[in-house]
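2 protein chains.
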Amino acid sequence: MRYKISANVIRRLPRYLRWMRFLERQQVEKISSGELAARLGVTASQIRQDFNCFGGFGQQGYGYNIHELREEMAEILGVHETLTAVVIGTGNLGRALISNFRFSEYGFRVIAAFDNQPSLIGTVINGVTVRDAGEIGDFLKNNPVDVAILTLPQSSANAAAKLAADNGVRGIWNFTGIDFDSDLGDTVVEDVHLSDSLLTLGYHLRGSQNTKEDL
Amino acid sequence: MRYKISANVIRRLPRYLRWMRFLERQQVEKISSGELAARLGVTASQIRQDFNCFGGFGQQGYGYNIHELREEMAEILGVHETLTAVVIGTGNLGRALISNFRFSEYGFRVIAAFDNQPSLIGTVINGVTVRDAGEIGDFLKNNPVDVAILTLPQSSANAAAKLAADNGVRGIWNFTGIDFDSDLGDTVVEDVHLSDSLLTLGYHLRGSQNTKEDL
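Protein chains in written order, with the numbering used here: chain A, 1 to 215; chain B, 1 to 215.
Don't read these hints as lab results, they were simulated from the structure. Here the structure is a predicted model, which is why all the values come from computation and not from measurement. There could be a bad hint or two in this list.
To be verified - Here are the simulated DMTMM-like pairs of lysine to aspartate or glutamate, each with C-alpha atoms no more than 25 Å apart in a straight line:
| no. | chain 1 | residue 1 | chain 2 | residue 2 |
| --- | --- | --- | --- | --- |
| 1 | A | Lys30 | B | Asp181 |
| 2 | A | Lys30 | A | Asp138 |
| 3 | B | Lys30 | A | Asp179 |
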């Protein structure tokens, strides 16, 4: 069954799942919305409201069962259903993801990687072979791929996104910092803008510095 | 001067700045809140409300001056004021950041990197020397460092965060996926949870798949 969940709640779900997994590893069995709120830095009423969106799991004055909650969230997020992915661009960032990111924990499997550097083509990273970027179109036609992970230079980002979308890729995980200007049809784009995160941190540090000077 | 801006608006500022820079590169001079809203996928009223928080810049029926807006946002975010950073952990991800991330565009300068692998110590990445991780404490005592960028394995993440905070580092840009459980005092932590982003993408793809099956 699928729940009807707002985009904002969906944005928060991965974070809830992350905390449920963490608490489960700490062998915590139950938690109240108040305690959970304190750990996550949100309000207890937001947590209750969010959890109600997909069926509750809590009893008044008793708390949430962490194992059940974790199972249910993993189910809603669909992590038991494996999606296939390819990595386009195997510079440091592409290699970092293939080597260290725990795709299987999130229901993804990287089945190929591509680069246009002759020195990289044919190498194997964590069991994934790097193929010639010129073969992307053919590969996508012959293999069902759900997600293209773009970790290539900005100058080639739009073309790679278009190529992926035109060849049936349903989602793009975009690390290039480019907002695509091509028509990608129904392909869903999830942008990772690391700079937004760093600027937010910088804002807080510069602010606190100014505050000190103002004293 | 500092404006009093809510945390939610601050979260959106880097994105506005990114778009202003993009539009400026495209040589767009003015944009209405409606056009900007369409590009950013938010409502025009949200944009007007956000921009009003720090002084307006728009004239009714005339639109926003992109150059002014970009300058003002850069000013609020403080990108002209350089903060120093060190990278702790120079595996693929640390190297990717030092090599490719445009720190200077966001007002940051990486002044050192650290690792505990003898084969990496002494190497130079994009002008930054990799030092022995055993020297982190001394380095921080002798050099004012604003931000520690943590790109090391999870098993060492808490200890590194504590060491940085205890030695005057004011902010941590955390790529380890760990939520720190140590007391870091006033040190501000900005977490990068790539898995949250991938899970959100997965949710949308799995949802649309199910919808198709339901038809």
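Hint by hint, here is what the structure shows:
For the given pair, A/Lys30 sits about 19 Å from B/Asp181 by alpha-carbon distance, which is consistent with the 25 Å threshold. Simply put, A/Lys30 and A/Asp138 have alpha-carbon atoms about 50 Å apart, too far for the 25 Å limit, and the pair is violated. Restraint check for B/Lys30 and A/Asp179: satisfied, since their Cα atoms lie roughly 19 Å apart, inside the 25 Å limit.
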